[in-house]
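Visitor: Could you build all of it, start to finish, from the sequences and the hints given here?
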Amino acid sequence: MSDTPQASSALESSLDGNTTVGGGTDSVSPLTAVGRAPRLRTSWRERFEITLLSGPAILVFVAFVIAPVIAAIYYGFYRWKGFGPPTDFIGLHNYKVILSDPEFHRAVLHNFEIVALSLIIQGPLAILLALLLNRKMRGRSIIRVLVFVPWVVSEVIAGTGLSLMLPVNGAINALLTKMQIFGDVHVSWLGPHMGLWTLMAILTWKYLGFAIILLMAGLQNIPEELYEAASIDGASYWQMQRRITLPLLGPTIRIWAFLSIIGALQLFDLPWIVWGEFNVDRDGVSTMATYMAHYGPRTGLYGYGNAVAVVLFVISLIVAVLYQRIVLSRDISGAVTDGKKKKR
Amino acid sequence: MTTASIEAPRGRRSRNGSPRKPKDPWGSPAVYFIALVIIGLSLAPVAYIVLGGFRDNSQLTVNPAGLPNPWRWSTYTHILQTSTFWREFTNSVLAAGVTTILVVALGLSASYVLARYRFRGRGFMFGLFAAGLMFPITVAITPLFIILNKIHLTDSLIGVILPQVAFALPTTIIILVPFLQAIPMEIEEAAAVDGCSRLSFYVRMVLPLSLPGVLTTGILTFVASWNSYLLPLFVLSDPSKYTLPLGVQQFHSAHGSDTAAVLAFTSLSMIPALVFFTAFERRIVGGLQGAVKG
Chain S
1 MSDTPQASSA LESSLDGNTT VGGGTDSVSP LTAVGRAPRL RTSWRERFEI TLLSGPAILV
61 FVAFVIAPVI AAIYYGFYRW KGFGPPTDFI GLHNYKVILS DPEFHRAVLH NFEIVALSLI
121 IQGPLAILLA LLLNRKMRGR SIIRVLVFVP WVVSEVIAGT GLSLMLPVNG AINALLTKMQ
181 IFGDVHVSWL GPHMGLWTLM AILTWKYLGF AIILLMAGLQ NIPEELYEAA SIDGASYWQM
241 QRRITLPLLG PTIRIWAFLS IIGALQLFDL PWIVWGEFNV DRDGVSTMAT YMAHYGPRTG
301 LYGYGNAVAV VLFVISLIVA VLYQRIVLSR DISGAVTDGK KKKR
Chain R
1 MTTASIEAPR GRRSRNGSPR KPKDPWGSPA VYFIALVIIG LSLAPVAYIV LGGFRDNSQL
61 TVNPAGLPNP WRWSTYTHIL QTSTFWREFT NSVLAAGVTT ILVVALGLSA SYVLARYRFR
121 GRGFMFGLFA AGLMFPITVA ITPLFIILNK IHLTDSLIGV ILPQVAFALP TTIIILVPFL
181 QAIPMEIEEA AAVDGCSRLS FYVRMVLPLS LPGVLTTGIL TFVASWNSYL LPLFVLSDPS
241 KYTLPLGVQQ FHSAHGSDTA AVLAFTSLSM IPALVFFTAF ERRIVGGLQG AVKG
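Protein chains in written order, with the working numbering: chain S, 1 to 344; chain R, 1 to 294.
Please keep in mind that the hints were generated in silico from the structure rather than gathered at the bench.
Please read these numbers as outputs of a predicted model, since none were measured by experiment.
Ideal Cβ placement from N, Cα and C applies to all residues, glycine included.
Any given hint might turn out to be false.
What the hints assert, rightly or not - If you want the footprint, here are the derived chain S segments under chain R, 3+ residues with CB under 8 Å:
| # | segment |
| --- | --- |
| 1 | 44 to 55 |
| 2 | 99 to 110 |
| 3 | 142 to 150 |
| 4 | 193 to 200 |
| 5 | 259 to 271 |
| 6 | 275 to 285 |
| 7 | 300 to 308 |
Guide: Shown next as structure tokens:
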């Protein structure tokens with residue numbers, strides 16, 4: 001707690017500092033003007049320092065992030081079982097198969113259902129809980145830690161536990177029966193009817209903590225004075241949240257929504273572990289990533305798996321770019337107009 | 001100053017009479033009730049796993065949602081005596097520890113360059129790393145496996161560590177750059193006047209000043225690596241190299257009928273991440289503050 005005010009004040013001063021200094025090269029030239037070193041030597045030296053400091057990071061990043069993506073595009077054009085170099089060039093055939101496979105269509109549909117439901121369910125819930133946890137209340141620090149527990153527990157652990165709780169004769173149904181409200185409960189939570197909703201409940205349980213962390217960090221950036229001013233003007237608590245908190249929390253909500261969308265499109269671990277490799281499609285919780293893992297190196301279809309990776313990446317990229325273009329611009333204009341309304 | 005501004009509305013309110021006071025709906029007992037429900041829901045699956053490890057299999061079958069009666073410690077002590085658990089534990093510690101150190105070292109250096117140097121290609125470099133946010137490891141796993149296979153890094157922890165470092169760099173850099181930009185130029189200039197080169201400024205000043213951000217990224221990296229599943233699943237096939245998440249899966253499929261043992265194994269493997277995170281939870285919220293600002 002003690003370091004947070006420092007960080008924010010330091011940030012502000014840096015923003016001021018940056019604007020006054022302008023382009024950073026000016027910040028070096030005063031020194032050279034004093035005559036410590038000739039200009040050319042500084043620049044060579046700088047180049048050396050830049051290479052020394054950023055070289056390793058760029059090297060690792062290019063080798064293990066950029067190179068695989070390029071390799072995927074290359075391998076995607078081949079029919080290749082992984083032995084020797086790929087020779088059987090088949091052009092776009094892999095892509096034709098992927099795009100006409102009904103199993104892949106179902107996976108894409110599930111992905112987009114998960115994207116939409118995550119935003120609708122988790123967004124409002126996370127905002128409410130972040131507001132709640134931001135209040136001064138007894139035991140707040142303990143509550144904070146406990147709410148984040150699901151997020152810290154690994155997908156494998158959560159998935160293993162849940163796969164033991166959710167079957168028809170598992171702990172969930174037994175608990176509901178014990179409550180004696182619903183009678184004898186035999187819901188098949190993992191079955192095709194409930195599958196997607198169970199998955200949504202699991203995802204909400206697992207990732208709400210992260211949304212709350214982000215939003216709480218955003219809440220701390222909102223100056224207290226705004227609320228004081230509003231309360232002098234007689235604003236109610238909910239009016240303040242609607243007119244001050246929500247608009248000013250806009251950027252944070254936007255970042256969270258972006259991360260949530262990308263995460264939902266890439267979802268893999270939980271369906272894979274809770275339902276298992278061969279049940280995800282039947283129970284309506286398959287995703288593009290589980291499809292990719294199923295038809296990739298594990299089944300020896302190296303070329304095909306890479307083509308699926310490319311499709312998954314292209315879909316994520318399109319969604320991300322659309323999101324940046326549409327939501328980003330709309331969100332900014334909305335925040336500005338709201339700000340004007342509030343001032344008047 | 002703040003005390004004065006807090007004082008002012010109070011005076012005003014008392015003059016107006018208390019009914020006008022803005023109601024804070026969170027003050028009521030209902031709030032504590034909501035908080036309790038949320039905590040209950042958050043902890044229930046974890047509690048099931050931990051408590052299940054104290055029960056035996058017949059208890060678990062007859063009464064899946066009951067409490068341990070009697071409490072059995074033997075399942076836990078038995079697992080703590082197996083070499084499999086400790087080998088996988090060591091592998092996980094090694095992988096997460098080395099990943100965290102490398103991510104902080106490489107990420108902080110690259111962030112320092114991006115935040116404090118002006119050079120051609122800076123925008124491109126930033127764009128390159130920012131684009132990395134769009135490539136979660138899921139997308140790249142298939143070709144990554146092929147590349148690792150080619151350079152003979154499959155079935156080794158290095159083959160898990162290096163890609164983890166690479167995929168953690170974008171987030172790390174996005175979080176750290178604002179922290180480093182926040183260090184006032186005057187400090188750097190003063191250091192330069194005192195004959196401190198930019199490189200030694202980096203080592204002596206930047207490291208301590210950016211500690212909150214470093215802690216945040218370090219903890220996030222450690223927890224992510226401790227929990228990572230997809231990459232080890234593809235890269236490691238030799239059980240002696242398994243990390244704990246793979247070990248949990250392996251244990252589950254090998255001892256599927258011994259539910260109590262599975263639950264005990266699972267709950268033991270989540271302890272380090274939980275302890276680590278709980279100890280530093282406040283730091284994480286503080287460290288993310290810079291990142292969500294824009």
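Visitor: Against each hint, give a clear statement of whether it holds in the structure.
Guide: For each hint, the structure was consulted:
1. 44 to 55: holds (count 7)
2. 99 to 110: Our answer is that it is violated, as 0 residues pass the Cβ test (under 8 Å) against chain R, missing three.
3. 142 to 150: Answer holds; 8 residues pass the 8 Å Cβ test.
4. 193 to 200: Coverage by chain R is violated here, the residue count being 0 at a Cβ distance below 8 Å.
5. 259 to 271: holds (count 5)
6. 275 to 285: violated (count 0)
7. 300 to 308: holds (count 4)
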